[in-house]
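Enquirer: Given next are the chains, with one letter for each unit.
Protein chains: 2
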Amino acid sequence: MAVQTELTNNPSTVDLGPAAALSCRECGERFELGPLFACASCFGPLEVAYDLPSGSPDELRKRIEAGPDNIWRYAPLLPVPSDVADKPNLNPGFTKLVKADNLARELGVTGGLFVKDDSGNPTHSFKDRVVAIAVEAARAFGFTTLSCSSTGNLAGAVGAAAARAGLRSCVFIPHDLEQGKVVMAAVYGGELVGIEGNYDDVNRFCSELIGDPLGEGWGFVNVNLRPYYGEGSKTLAYEICEQLGWRLPDQLVIPIASGSQLTKIDKGLQELIKLGLVEDRPYKIFGAQAEGCSPVSAAFKAGHDVVRPQKPNTIAKSLAIGNPADGPYVLDIARRTGGAVEDVDDEQIVDAIKLLARTEGIFAETAGGVTVGVTKKLIEAGLLDPTLTTVVLNTGDGLKTLDAVAATSQATATIRPSLDAFRAAGLATS
Amino acid sequence: MAVQTELTNNPSTVDLGPAAALSCRECGERFELGPLFACASCFGPLEVAYDLPSGSPDELRKRIEAGPDNIWRYAPLLPVPSDVADKPNLNPGFTKLVKADNLARELGVTGGLFVKDDSGNPTHSFKDRVVAIAVEAARAFGFTTLSCSSTGNLAGAVGAAAARAGLRSCVFIPHDLEQGKVVMAAVYGGELVGIEGNYDDVNRFCSELIGDPLGEGWGFVNVNLRPYYGEGSKTLAYEICEQLGWRLPDQLVIPIASGSQLTKIDKGLQELIKLGLVEDRPYKIFGAQAEGCSPVSAAFKAGHDVVRPQKPNTIAKSLAIGNPADGPYVLDIARRTGGAVEDVDDEQIVDAIKLLARTEGIFAETAGGVTVGVTKKLIEAGLLDPTLTTVVLNTGDGLKTLDAVAATSQATATIRPSLDAFRAAGLATS
Numbered sequence: 001m002a003v004q005t006e007l008t009n010n011p012s013t014v015d016l017g018p019a020a021a022l023s024c025r026e027c028g029e030r031f032e033l034g035p036l037f038a039c040a041s042c043f044g045p046l047e048v049a050y051d052l053p054s055g056s057p058d059e060l061r062k063r064i065e066a067g068p069d070n071i072w073r074y075a076p077l078l079p080v081p082s083d084v085a086d087k088p089n090l091n092p093g094f095t096k097l098v099k100a101d102n103l104a105r106e107l108g109v110t111g112g113l114f115v116k117d118d119s120g121n122p123t124h125s126f127k128d129r130v131v132a133i134a135v136e137a138a139r140a141f142g143f144t145t146l147s148c149s150s151t152g153n154l155a156g157a158v159g160a161a162a163a164r165a166g167l168r169s170c171v172f173i174p175h176d177l178e179q180g181k182v183v184m185a186a187v188y189g190g191e192l193v194g195i196e197g198n199y200d201d202v203n204r205f206c207s208e209l210i211g212d213p214l215g216e217g218w219g220f221v222n223v224n225l226r227p228y229y230g231e232g233s234k235t236l237a238y239e240i241c242e243q244l245g246w247r248l249p250d251q252l253v254i255p256i257a258s259g260s261q262l263t264k265i266d267k268g269l270q271e272l273i274k275l276g277l278v279e280d281r282p283y284k285i286f287g288a289q290a291e292g293c294s295p296v297s298a299a300f301k302a303g304h305d306v307v308r309p310q311k312p313n314t315i316a317k318s319l320a321i322g323n324p325a326d327g328p329y330v331l332d333i334a335r336r337t338g339g340a341v342e343d344v345d346d347e348q349i350v351d352a353i354k355l356l357a358r359t360e361g362i363f364a365e366t367a368g369g370v371t372v373g374v375t376k377k378l379i380e381a382g383l384l385d386p387t388l389t390t391v392v393l394n395t396g397d398g399l400k401t402l403d404a405v406a407a408t409s410q411a412t413a414t415i416r417p418s419l420d421a422f423r424a425a426g427l428a429t430s
Numbered sequence: 001m002a003v004q005t006e007l008t009n010n011p012s013t014v015d016l017g018p019a020a021a022l023s024c025r026e027c028g029e030r031f032e033l034g035p036l037f038a039c040a041s042c043f044g045p046l047e048v049a050y051d052l053p054s055g056s057p058d059e060l061r062k063r064i065e066a067g068p069d070n071i072w073r074y075a076p077l078l079p080v081p082s083d084v085a086d087k088p089n090l091n092p093g094f095t096k097l098v099k100a101d102n103l104a105r106e107l108g109v110t111g112g113l114f115v116k117d118d119s120g121n122p123t124h125s126f127k128d129r130v131v132a133i134a135v136e137a138a139r140a141f142g143f144t145t146l147s148c149s150s151t152g153n154l155a156g157a158v159g160a161a162a163a164r165a166g167l168r169s170c171v172f173i174p175h176d177l178e179q180g181k182v183v184m185a186a187v188y189g190g191e192l193v194g195i196e197g198n199y200d201d202v203n204r205f206c207s208e209l210i211g212d213p214l215g216e217g218w219g220f221v222n223v224n225l226r227p228y229y230g231e232g233s234k235t236l237a238y239e240i241c242e243q244l245g246w247r248l249p250d251q252l253v254i255p256i257a258s259g260s261q262l263t264k265i266d267k268g269l270q271e272l273i274k275l276g277l278v279e280d281r282p283y284k285i286f287g288a289q290a291e292g293c294s295p296v297s298a299a300f301k302a303g304h305d306v307v308r309p310q311k312p313n314t315i316a317k318s319l320a321i322g323n324p325a326d327g328p329y330v331l332d333i334a335r336r337t338g339g340a341v342e343d344v345d346d347e348q349i350v351d352a353i354k355l356l357a358r359t360e361g362i363f364a365e366t367a368g369g370v371t372v373g374v375t376k377k378l379i380e381a382g383l384l385d386p387t388l389t390t391v392v393l394n395t396g397d398g399l400k401t402l403d404a405v406a407a408t409s410q411a412t413a414t415i416r417p418s419l420d421a422f423r424a425a426g427l428a429t430s
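If you read the sequences in order, they're chains A and B. For the first sequence, position 285 (counting from the first letter as 1) is numbered 285 according to UniProt numbering, and the numbering increases by one without interruption. For the second sequence, position 42 (counting from the first letter as 1) is numbered 42 according to UniProt numbering, and the numbering increases by one without interruption.
Calculated from the structure, these hints are not laboratory results. Treat each hint with caution, since some may be false.
It does not matter which identical chain is meant; a pair holds if it fits inside one copy or across any two.
Said to hold, decoys possible - No farther apart than 30 angstroms at their CA atoms in a straight line, the calculated lysine-lysine pairs in the DSSO-like style are these:
id : residue 1 : residue 2
1  : Lys377    : Lys87
2  : Lys99     : Lys62
3  : Lys377    : Lys99
4  : Lys87     : Lys311
5  : Lys267    : Lys62
6  : Lys267    : Lys377
7  : Lys274    : Lys62
8  : Lys62     : Lys87
9  : Lys99     : Lys87
10 : Lys311    : Lys99
Required output: the full structure, derived from the provided sequences and hints.
Expert: What follows is the structure, given as structure tokens:
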């Protein structure tokens with residue numbers, strides 16, 4: 001048996017659609033679907049293995065295109081029951097793939113530059129995708145409380161998703177979080193518990209709680225539901241390819257926190273190729289980090305296979321994971337596809353947020369500043385080919401990280417309400 | 001001639017699709033399409049008159065359904081050129097119509113309750129709809145600077161839209177606006193001018209500027225482009241009916257600021273009936289205000305036809321227009337359709353924001369608290385029939401009005417990271 005929490009439902013009655021089993025990413029051992037989070041043999045991470053749909057690619061494409069305008073159009077490729085769209089869920093996804101022609105001109109990209117803008121999700125970050133899948137897993141396993149450890153964004157996504165789904169939520173955060181983030185997480189009416197300690201203390205506490213009878217019936221989206229949760233990021237790959245007209249992009253620039261998102265996007269692209277939904281041609285995956293938390297970038301540049309943990313110190317707090325669990329897999333994917341991992345400093349992040357806002361009217365979270373800034377740097381370094389189709393991810397919303405740009409985003413002028421004062425300010429065009 | 005600013009383009013070359021003319025809402029006089037904002041004969045407000053498409057309803061429905069997932073699917077019913085979807089624009093709209101079953105249970109609604117959630121727009125409010133239309137009018141008239149007077153939200157919407165469209169923007173705000181709103185407006189890189197005075201002073205200054213050579217080539221979305229701008233709100237009516245399966249709702253609850261949105265939604269519903277896209281059956285329109293700025297509600301209750309201005313004092317700042325231009329038209333529509341206008345106080349607004357968040361995972365702006373609060377009040381008063389299909393509008397995002405809920409949205413408990421402390425907090429389920 002694998003490391004497992006108590007199951008309320010019988011595994012044999014669990015309907016998660018095409019999900020067939022959990023398999024260990026390291027040793028390949030397979031386990032029955034359940035709230036497992038580590039391989040019993042080697043403690044490697046588990047991921048969902050599928051019986052992917054049969055039938056012609058044309059049929060499957062049509063079936064997907066006839067589906068709802070959210071991630072459930074891809075239900076045949078996700079660990080969710082086939083009637084998932086009928087259940088109460090926030091229904092995230094199918095966010096805009098913006099053709100960023102103005103930004104392309106500034107960066108000298110001629111092959112087509114696109115921003116996948118996940119700020120359009122219900123709570124305005126990609127977290128809604130992963131949490132939506134975790135909600136269905138929680139339902140399947142009979143969990144009645146949805147939980148997580150969080151530094152803010154995930155807490156809000158879990159609170160909102162649980163409210164819609166009719167689940168209880170109880171979410172754990174460091175007690176000294178910024179007031180704005182506390183409010184965003186608390187407004188959905190679930191239990192919000194401040195833990196006296198830092199994020200590592202919160203995490204440790206959650207692991208203890210899972211192993212204790214006190215945590216019975218609790219689904220922690222990023223712990224005992226993690227294998228399912230992570231699959232939500234595959235939908236970014238599906239949407240990007242469908243929105244490009246069922247075509248792989250040549251290059252993708254993806255932010256790295258734990259690295260899970262990047263590895264799942266690669267998994268999604270591989271599935272589309274395997275199913276014949278897109279033509280099999282090379283693509284390059286680039287990872288983006290903040291210099292103040294760049295363990296994967298450092299390992300990539302040093303040619304290492306292992307990632308040496310760092311103590312984060314960056315304004316890109318949603319990416320500030322100093323010991324990223326999927327770091328080695330990210331290195332592998334970047335090298336296998338001919339991509340790279342790069343980082344930018346806080347000043348470059350702010351500049352990139354403002355560049356994206358000024359050119360495309362998209363106000364990104366700091367994580368979006370990281371990907372846009374890294375894209376610029378990679379082009380300048382000759383690592384990213386500006387003549388190829390490139391997709392850059394914006395995974396969050398600038399409204400949640402206003403502080404990052406506050407100092408440099410102010411009124412151009414302050415004047416008396418008179419035409420003379422306006423003329424003197426030099427802003428008229430005639 | 002009508003009150004008009006200098007035209008750069010020749011009116012005869014202006015292509016705004018099915019828009020045929022401007023007509024005065026009071027005296028019916030018609031004017032050539034142009035940046036006009038008041039009738040030359042009677043100074044009444046102007047609105048767009050159309051040559052609506054011919055052909056069978058089925059054909060038109062199919063044409064719309066085959067269009068893009070944004071407001072441009074309704075281009076045949078809007079003052080925009082037929083190739084509008086190919087131009088750089090933020091492409092707002094087609095936001096979620098959420099079937100709010102949890103909220104329905106709490107309010108005792110059995111006929112189907114829906115929340116039209118416009119927080120999913122690019123800058124997270126319905127303003128993106130109206131500004132998108134104004135951008136196309138600005139292009140048609142050869143304007144090169146996009147402008148507005150604003151207390152915050154509109155400034156951001158204009159800045160973002162202008163950035164994408166490749167237009168210069170110069171936006172005017174009261175100099176003492178909250179820092180967060182200044183940042184949200186300034187981040188898009190346009191000119192942001194603080195005016196020493198209140199919102200009325202900003203408005204007066206903008207009117208002066210339009211009449212002066214200094215304002216040549218400037219399109220003010222809510223002044224000289226207002227007749228076009230306002231039409232953007234019709235898309236809310238189109239989307240609601242299409243998302244209900246090309247069916248009119250029985251009841252709609254709509255917030256009132258200037259009242260323009262409510263009147264344009266009614267206009268949109270009437271167009272759908274006229275075109276045969278929906279069955280002609282009765283619907284009721286309810287207007288929602290904050291008690292601290294309730295001139296239309298007060299007039300409705302007193303049985304008056306005119307609206308007596310008020311000095312606003314409410315947390316629902318996006319609705320705080322004390323002298324609403326379209327107030328009399330709103331009264332007319334509410335009475336004609338058998339609806340009503342009601343208001344709720346600040347405490348009820350906060351409670352309603354939290355009720356919507358707790359039941360549906362939707363974090364609304366204060367304006368959303370007003371519509372949900374008014375819906376509850378109207379049901380309790382027997383004015384809104386809970387057995388009929390009801391659509392409630394949420395026009396903005398709670399992230400922009402965090403202060404409204406900050407005092408009452410806090411952590412449930414703060415504990416040491418130990419199971420004993422957690423047990424003592426009484427939050428475990430077993």
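Enquirer: Within a copy, between copies, both or neither: where do Lys267 and Lys377 come within 30 angstroms Cα-Cα?
Expert: The answer is within: 26 angstroms in one copy meets 30 angstroms, while 50 angstroms across copies does not.
Enquirer: First find the shortest C-alpha distance between Lys62 and Lys87 inside one copy, then the shortest across copies, and answer within, between, both or neither for a cut-off of 30 angstroms.
Expert: Cα proximity of Lys62 and Lys87: in one copy and across copies (23 angstroms, 28 angstroms).
Enquirer: Evaluate Lys377 and Lys87 at a C-alpha cut-off of 30 angstroms and name the case that applies: within, between, both or neither.
Expert: between (44 angstroms within a copy, 29 angstroms between copies)
Enquirer: My question is about Lys274 and Lys62: at a cut-off of 30 angstroms on alpha-carbon distance, are they close within one copy, between copies, both, or neither?
Expert: within (17 angstroms within a copy, 34 angstroms between copies)
Enquirer: Is it within a copy, between copies, both, or neither that the alpha carbon of Lys99 lies no farther than 30 angstroms from that of Lys62?
Expert: both (24 angstroms within a copy, 26 angstroms between copies)
Enquirer: Between the shortest in-copy and the shortest cross-copy C-alpha distance, which are at most 30 angstroms for Lys87 and Lys311: within, between, both, or neither?
Expert: This pair counts as neither: shortest intra-copy Cα distance 41 angstroms, inter-copy 46 angstroms.
Enquirer: For Lys99 vs Lys87, is the C-alpha pair at or below 30 angstroms within one copy, between two copies, both, or neither?
Expert: Classified as between: cross-chain Cα gap 11 angstroms, same-chain 33 angstroms, threshold 30 angstroms.
Enquirer: With identical chains, the pair Lys311 and Lys99 could be close in the same copy or across copies; at 30 angstroms between alpha carbons, which is it: within, between, both, or neither?
Expert: Neither: 36 angstroms inside a chain and 45 angstroms across chains, both beyond 30 angstroms.
Enquirer: Can you tell me if Lys377 and Lys99 fall within 30 angstroms by alpha carbon in one copy, between copies, both or neither?
Expert: within (20 angstroms within a copy, 45 angstroms between copies)
Enquirer: At most 30 angstroms between CA atoms: does that hold for Lys267 and Lys62 within a copy, between copies, both, or neither?
Expert: within (22 angstroms within a copy, 36 angstroms between copies)
Violation of the numbered hints given earlier is confined to hints 4 and 10; the remaining hints are satisfied by the structure.
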